[in-house]
Amino acid sequence: MPIKSYIVLPYDGEKETLVKSLKSIAGCEVAEATNEEIILLVTDTQNEEEEGQLKEKINGVKSLKFMSMVSGYSPENITSSTS
Amino acid sequence: MKVATNRREFLKKMALLSAMTTAATMFPGILFAEDQVAGLEGLDNLEWKKSPCRFCGVGCGVLIGTQNGKAVAVKGDPASPVNKGLCCVKGYHSIMALYGKDRLTKPLVKKNGTFVETSMKEALDLIASKMSSTIKDHGKDSVAIYGSGQWTIPDGYTASKFFKGCIGTNNVEANARLCMSSAVTGFMSSFGIDEPMGCYDDIDYADVFVLWGNNMSEMHPVLFSRILDQRQKRGVKIIDFATRTTRTSMAADKSIIFNPQTDLAVANAICYELINKGRVNESFVSKHCVFKKGETEMGYGLEDNYAFNDKPALIDFEEFKNFLEDYTPEKVSKYSGVSVKDIKYMAAYYGNPNTKVMSLWCMGPNQHTRGTWMNNLIYNIHLLTGKISTPGNSPFSLTGQPSACGTVREVGTLTHKLPHGVVMNEEHRKFAAEIWGVPAENISPKPTYHTVEMFRALDRGDIRFMWIQVTNPMVTMPKLKRYRDATEKKDRFIVVSDVYPTPTTEIADVILPSAMWIEREGMYGNSERRTQHFEKMLTPPGDAMSDTWQLVEVARRMGFEKQFNYKEESHIEEIYNEYRKHHAGKKHNMAPYEVLKENPGMQWPYVDGKSTKWRFNEKYDPACKEGSEFDFYGNPDGKAVIWQRPYEAPPEMPDEEYPYWLCTGRVVEHWHTGSMTRRIPVLHQAMPHAYVELNPEDAKRLNIATGDLVKLTTRRGEITVPAAINLRGVPEPMQVFVPFFDEHMLINELTLDAFCPISKQPDYKKCAVKVEKA
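Order-wise, the sequence lines are chains P and U.
Numbering-wise (this note's numbering), the first sequence opens with residue 103 and increments by one.
Numbering-wise (this note's numbering), the second sequence opens with residue 22 and increments by one.
Simulated from the structure, these hints should not be mistaken for laboratory data.
Note that the coordinates shown come from a computational prediction; the quantities given were computed from them, not determined experimentally.
Mimicking EDC-like on lysine to aspartate or glutamate, the simulated pairs with C-alpha atoms at most 20 Å apart in a straight line are:
| # | chain 1 | residue 1 | chain 2 | residue 2 |
| --- | --- | --- | --- | --- |
| 1 | U | 467 | U | 448 |
| 2 | U | 451 | U | 599 |
| 3 | U | 254 | P | 139 |
| 4 | U | 34 | P | 153 |
Chain P with its partners taken away, still in its complex shape:
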């Protein structure tokens, strides 16, 4: 059940297009910098297979120039604190 975050860079002038494209992909949440051409992407998938498929979709976005993973969490790795 991986949840991962990335720093994503668009090609020049493609930031809005990239944000739109990423937002349209299920499992992607996006936060964009207001003063830099930088996008933060959080992905949420149920398993590794689904994550692989999602990554393929993201890599297919033409306005995406570069993405670098920052963190990754699996809810089962941290003992549940459900209350």
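Fit chain U to the given chain P structure using the hints.
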């Protein structure tokens, strides 16, 4: 916090927060929409407590979010002057290392080759009984303890007091011998006192950063990001001086590659150039420095019972200048691979009186058969130019482990050391004995074994009992097979205290489950003399117990109740307060316990309620003599030493049979041997196994592509690892690099146990290897 359905949302917020923090460091001034930042507010419902990070020697401050007795979140501590809110990838995932599925939770005793669960009481009884009988049968020097720079300060202090003060053996060593003892002997021989004179704040003042064999972007990423931040703000220059092209080289303004071991010659060539160009700060040198030379052609410690004592002799500036005639840039360029232009380029920055220079290094100069000399030579450059002990002018030796400085160097968990001073000094022994409550005669005046020799002694049978805490020597020892075989010999008894199964627990007779990091109270001391406290935030799993308390329990069983009469609920505070007495005085005073609890660390010397940022400079350091301006008070004459140290070749160089250089090291994802970080899924997936980096031309000639298996063979053994071509790092032609984190691909089967004769630190960076497609 109500998280039943929001558990995923919570983790998504954590993931976004990590990304925002990282982006803020990479792109200073970056802003995000207010609604996005506001969305992170749910994280405030946790209870956040401060701690230094569990991993490297940078000592980043982190805030741990706990809930219902579990650590569920971690973020950089904005109040920490070390990292100012940033973490690296290991730091962000640090709490996940607490919850690996195979945590050791019960003591295990090996019976007929199989580990059997037992109670903690029985395990501790067995250890005490075995230690006592071994001492009775074979003498006190037949028992040993081997710890690490990941010991907390109370762990190391208790071990030293128990073994040196009570049992009366100097068989106390730590894995920091393998990573920074050359830094210690470098400081001691140049300044008479250990640890950097400057601090991380130097980064905010320096104009030029020279990285000596130091892949900072992977090994000290948070500090490297502080340097990159300064480049964005002030246009500082970064020079990467290394044997291999790394991420650091790629980020640097200039990458200069040298042939292995020739850093000695290049450093001397820089000194030559400084003198030749009239760039010596004559006033500083005449007032604050002396010149010395020592023994040369010392050997490499390859034989058992090797011994060496340097014989320093005073020389004058003219003799030093004449010595450097062998190190003109033109002469050195011929064998170092560094162009005359590049040697002069570096010398020009050091020599410019208007440029502030910070030199940084870690394993490159330290894991070196002439490691002490390399450290001396970097100091020479700073001393000749007077670029030292002032903001931004700083020769800065970085450490690898969270408390290599705090526990190994300051507590003194090395065979020759005491918390204050050395065992060879009668006054130092008396001083320690008084605080420890033991007769001074208990402390032996003779150092016994440094780490490599300690394992050799285990092999020979001179040591019969070894207790290993919080380290993994069955992955990290050079020439590993000899030392693994030693542990398996008859009549050897090995105790291992750890948090996860490792190749070292495999060779144990007793395994004790340890409480990890914030499952107990403790302190770490980082690279900039900063002591940081963390409280117990979690209950350790099962029977796991802190390494400190394990030692106390065994010491009491062996009759030392009086010396270890601490209360369980307050023993860390009691031990720290006792430890502070060893360092009382303006030169090394440690901050009080209460101050550490309230603050994100304090730097010693802590005098009149203040940390000392720059030592030896009268303006900042109250221990300096009045009117001295600079006072290198570690030496009786108050002067630093400029050393005459030549270039000497390493003991093993590529030849016809083994034609490549082998260099080993670390990667950003994994902490040391990976026993914790390989249990963090995201880090393990990012770097699942070791690899061998080859130069693309070599790979082409050998018909090796990325992923192909490669057989590496040295005179010590062979392993097979997959190839990595043009990926993270690129070695020079006829050189290969392999990281050591992977217990399934043990590169130390191949390395050589040669060491610096002064520091006794092995050289993991150079030996000869054969490379074949498997």
